[in-house]
Amino acid sequence: MSENKDQKFVYDFTEGNRDLKDLLGGKGANLAEMTNLGLPVPPGFTITTEACKVYLDSGEEPAALRDEVSSHLDALEQKMGKKLGQADDPLLVSVRSGAKFSMPGMMDTVLNIGLSDASVTGLAQQAGDERFAWDSYRRLIQMFGKTVLGVEGELFEEALEEAKAAKKVSVDTDLDAADLKKLVKQFKKIVSRDAGRDFPQDPREQMDLAIHAVFDSWNTDRAKLYRRQERIPGDLGTAVNVCSMVFGNLGPDSGTGVAFTRDPASGHQGVYGDYLQNAQGEDVVAGIRNTVPLAELESIDKKSYDQLMQIMETLETHYKDLCDIEFTIERGQLWMLQTRVGKRTAGAAFRIATQLVDQGLIDEAEALQRVNGAQLAQLMFPRFEDEGARGGKGPELLGRGIAASPGAAVGKAVFDSYTAVKWSRSGEKVILIRRETNPDDLDGMIAAEGILTSRGGKTSHAAVVARGMGKTCVCGAEELEVDTKRRRLTVNGTVIEEGDVVSIDGSTGKVYLGEVPVVPSPVVEYFEGRMHAGADDADELVAAVHRIMAYADRVRRLRVRANADSAEDALRARRFGAQGIGLCRTEHMFLGERREMVEKLILADTDDEREQALGALLPLQKKDFIELFEAMDGLPVTVRLLDPPLHEFLPDITELSVRVALAEARKDHNENDLRLLQAVHKLHEQNPMLGLRGVRLGLVIPGLFAMQVRAIAEAAAERKNAKGDPRPEVMIPLVGTVQELEIVREEADRVIAEVEAATGTDLRLTIGTMIELPRAALTAGQIAEAAQFFSFGTNDLTQTVWGFSRDDVEASFFTAYLEKGIFGVSPFETIDKDGVGSLVRSAVEAGRATRPDLKLGVCGEHGGDPESVHFFHEVGLDYVSCSPFRIPVARLEAGRAAAGSRGSDSR
20 MSENKDQKFV YDFTEGNRDL KDLLGGKGAN LAEMTNLGLP VPPGFTITTE ACKVYLDSGE
80 EPAALRDEVS SHLDALEQKM GKKLGQADDP LLVSVRSGAK FSMPGMMDTV LNIGLSDASV
140 TGLAQQAGDE RFAWDSYRRL IQMFGKTVLG VEGELFEEAL EEAKAAKKVS VDTDLDAADL
200 KKLVKQFKKI VSRDAGRDFP QDPREQMDLA IHAVFDSWNT DRAKLYRRQE RIPGDLGTAV
260 NVCSMVFGNL GPDSGTGVAF TRDPASGHQG VYGDYLQNAQ GEDVVAGIRN TVPLAELESI
320 DKKSYDQLMQ IMETLETHYK DLCDIEFTIE RGQLWMLQTR VGKRTAGAAF RIATQLVDQG
380 LIDEAEALQR VNGAQLAQLM FPRFEDEGAR GGKGPELLGR GIAASPGAAV GKAVFDSYTA
440 VKWSRSGEKV ILIRRETNPD DLDGMIAAEG ILTSRGGKTS HAAVVARGMG KTCVCGAEEL
500 EVDTKRRRLT VNGTVIEEGD VVSIDGSTGK VYLGEVPVVP SPVVEYFEGR MHAGADDADE
560 LVAAVHRIMA YADRVRRLRV RANADSAEDA LRARRFGAQG IGLCRTEHMF LGERREMVEK
620 LILADTDDER EQALGALLPL QKKDFIELFE AMDGLPVTVR LLDPPLHEFL PDITELSVRV
680 ALAEARKDHN ENDLRLLQAV HKLHEQNPML GLRGVRLGLV IPGLFAMQVR AIAEAAAERK
740 NAKGDPRPEV MIPLVGTVQE LEIVREEADR VIAEVEAATG TDLRLTIGTM IELPRAALTA
800 GQIAEAAQFF SFGTNDLTQT VWGFSRDDVE ASFFTAYLEK GIFGVSPFET IDKDGVGSLV
860 RSAVEAGRAT RPDLKLGVCG EHGGDPESVH FFHEVGLDYV SCSPFRIPVA RLEAGRAAAG
920 SRGSDSR
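Numbering of the sequence shown is given in the working numbering, commencing with residue 20 and proceeding in unit increments.
I should point out that these hints are in silico values taken from the structure, not numbers from a laboratory. Ideal Cβ positions, reconstructed from N, Cα and C, are used throughout, including at glycine. Misleading hints may appear alongside valid ones.
[Unchecked claim] Within a straight-line C-alpha distance of at most 30 angstroms, the following computed DSSO-like cross-link-like pairs (lysine-lysine) qualify: (1) K339 <-> K441; (2) K186 <-> K204; (3) K739 <-> K874; (4) K322 <-> K339; (5) K852 <-> K72.
[Stated by the list, open to error] Computed Cβ-Cβ distance ranges for the label pairs, DEER-style: (6) D555 <-> R769: 51 to 61 angstroms; (7) G822 <-> K852: 12 to 22 angstroms; (8) V719 <-> D827: 20 to 30 angstroms; (9) V677 <-> N706: 19 to 29 angstroms; (10) A569 <-> D692: 53 to 63 angstroms; (11) L711 <-> R614: 36 to 46 angstroms.
Work the whole structure out from these sequences, hints included.
See the structure below:
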């Protein structure tokens, strides 16, 4: 990125506001906003994301940055009445990262910048507390050594543990000034030995190196991994906040904490958060020392507590959302260090959205934007069966921690991230168990089903990251003794070794040995119609989901259909809100006992044999369609004619060859097996996905598609005569040119006319095609002349556009592509807008130019993907179709797309 000479790279906290997140990052913008609101924010300034981009692109900071920082530092020193690192009364600052989107713990922070051998005694004299000064100095060397100079953090932790062991104490607050002086000496030796340089004594050098380290932390492996997980763009860069230090480690009248204006786990209103006396902020977030609930602050320091409650109310009313707040109390004086729109669980998101509507802070349209399909899908996952329902039987309750992020997770116990990733890749479900997590554990947290820690609270690193990812998490289970070196967990004499199955309940905080049975979620029970939102005993969460879904259904333009092949699936889809079937795959009707009939069709040598085989299949197909049309009475049902290669209905070539060879060896010849083997060899293809399938089958095998169309037409006629309202649509698969469609359509029209004449019905069947080949998309204008509707088969369209065989590539190199950032997400999960999406858009335009009333839908798996639904709304499709379970997600996202997506972006 080139540097603009007139560009401003540094802003005082008094200059910005919350709308400047792109420039000042979330933390800087919100510090400025709180300053504007007159809240107690320590003075400071923010270095912009633009400076970071220049630094990352060129390897050097912008030429003007040093002078700008010096100017703002001078102003800060004048305001505070002391100089950075001044020997007799030092100004100390924190240097903290702050990107546009919150990335908890993924980037770097350094506190107490400005302390040195010269100024530590001055700080002690000014504070009247020698222990505090040396504690602050050891924290600086520890954080600076790890963050800026790349020293292994465990070396400092081990030295700290040794110091506590030598004094026979368990917490670091029991170390006195003399102990901490020795520790500072030890820490400086570690830095000199492992960093290859002494700890810098010049305070400006400390600050400059820390700023560069924060810039560099944007591109650490853990930061890049988190961005991929949360779909945060990699080119945003981070801002850097330089803030005058306030100290929570000055004694029992000081402390630090994290507060939420509502419970981020449940959404309930109340006092939620953690507080830690005589500590600095990193102690709370790291979860190294167990905190006390925020409510206890009232008895510790009522004045600060009352002021904090007022500020929390001010912030929530101002932001009109759940706020996450970091604060420090320095000798009875409350200071606000950060606020942001808080990360929350899926259930909390729905509850809070409706609560804010009831309070008059937001309207229904805004409430719809405060939730998303991924959160709704999470609410539909099963939960653990209640202990009462198990009759006291089942897995042993090991203990209980803090319910940090809800859900039910079962897996094998693992004690480090490497093992979690390794076992997960081999198909094992794992629970990551740690004393506390840190940013280096991110890849293991992503791989695990759930996270369990013995330390930390609702605002610890594990809890915050788990909630953001929608992972089940239990924190602060103090009775659990975690031994990561021996890879075991001990509780009340019970030992859990690595590989033992454990279950954790993120809604109650309970931890079990063994696998706990699961039951459907109340949200699924609601969609199934077994729980009514208006009932007296209705679940509070269900009521919130119902309200938001009702609004989404009122405002959405896209209709939502189901991919369903049986009456059972169709009925469930209808209960879930489906407005028809967008894809019925008829090949699924030829499996099981009917496979032999298909074999006879394939082996037919004469027209009579072929007619006989088709005649046997016709009544079975007709019966299937009658059941389907009855289940979806009054709604459209799109039936795709046979699509897969015929060899899929024949025995495996290796298995059949062995069977024939063994029979010949026994001189027990089986004529049918021999004919089958010949047919398998004859139909064998090097690349079946691009071979004899789809429309090509209908053109090559006489009577096949005609039989299917007849079965559809006769079933529809029978339903009409039974006073039903069938609305079948015949879909021709894998068309690449209009001539293919014209030939098949001509035959289909003839069959439909015959059935109408024979039954005296007017069926009004529509005939269309799947657009799943690039050529079909590119010639959509021509194909629309013969098609009454298009349905985009985005699974095969993605394969043919990318040149991927999905079954092969996902197992071979997709992981590498995701890790290298070639994909942000698999193109089979979310539509590739630039490639596949471009073809969809042009096909929509060309098709409608030819036939303005052309009905347009999508029936690939993308039809239930939240981000893809927004794209399909944008390009003007009429409907999306997806699996029954994803229908509520598609309904919600279609509503959000119509209302214009904004939302509680707590990334």
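Evaluation of the provided hints:
Between K339 and K441 the CA atoms are separated by roughly 43 angstroms; this puts the pair beyond 30 angstroms, and the hint is violated. A distance of roughly 17 angstroms separates the Cα atoms of K186 and K204; the hinted pair therefore holds under the 30 angstroms criterion. In summary, the hint linking K739 to K874 is supported, as the alpha carbons are separated by about 23 angstroms, within the 30 angstroms threshold. A threshold of 30 angstroms between alpha carbons decides the hint, and for K322 with K339 the separation of about 26 angstroms falls inside it, so the pair holds.
At most 30 angstroms may separate the alpha-carbon atoms for a hinted pair to count; K852 and K72 meet this at roughly 26 angstroms. Distance hint for D555 and R769: a CB-CB separation of about 59 angstroms, consistent with the stated range 51 to 61 angstroms. Restraint check, G822 to K852: a C-beta distance of roughly 18 angstroms satisfies the suggested window 12 to 22 angstroms. At roughly 26 angstroms, the beta carbons of V719 and D827 sit within the given window of 20 to 30 angstroms.
The hint said 19 to 29 angstroms for the Cβ distance between V677 and N706, and at roughly 25 angstroms that hint holds. With their beta carbons about 59 angstroms apart, A569 and D692 fall inside the hinted range of 53 to 63 angstroms. The supplied range of 36 to 46 angstroms is broken by L711 and R614, whose beta-carbon atoms lie about 18 angstroms from each other.
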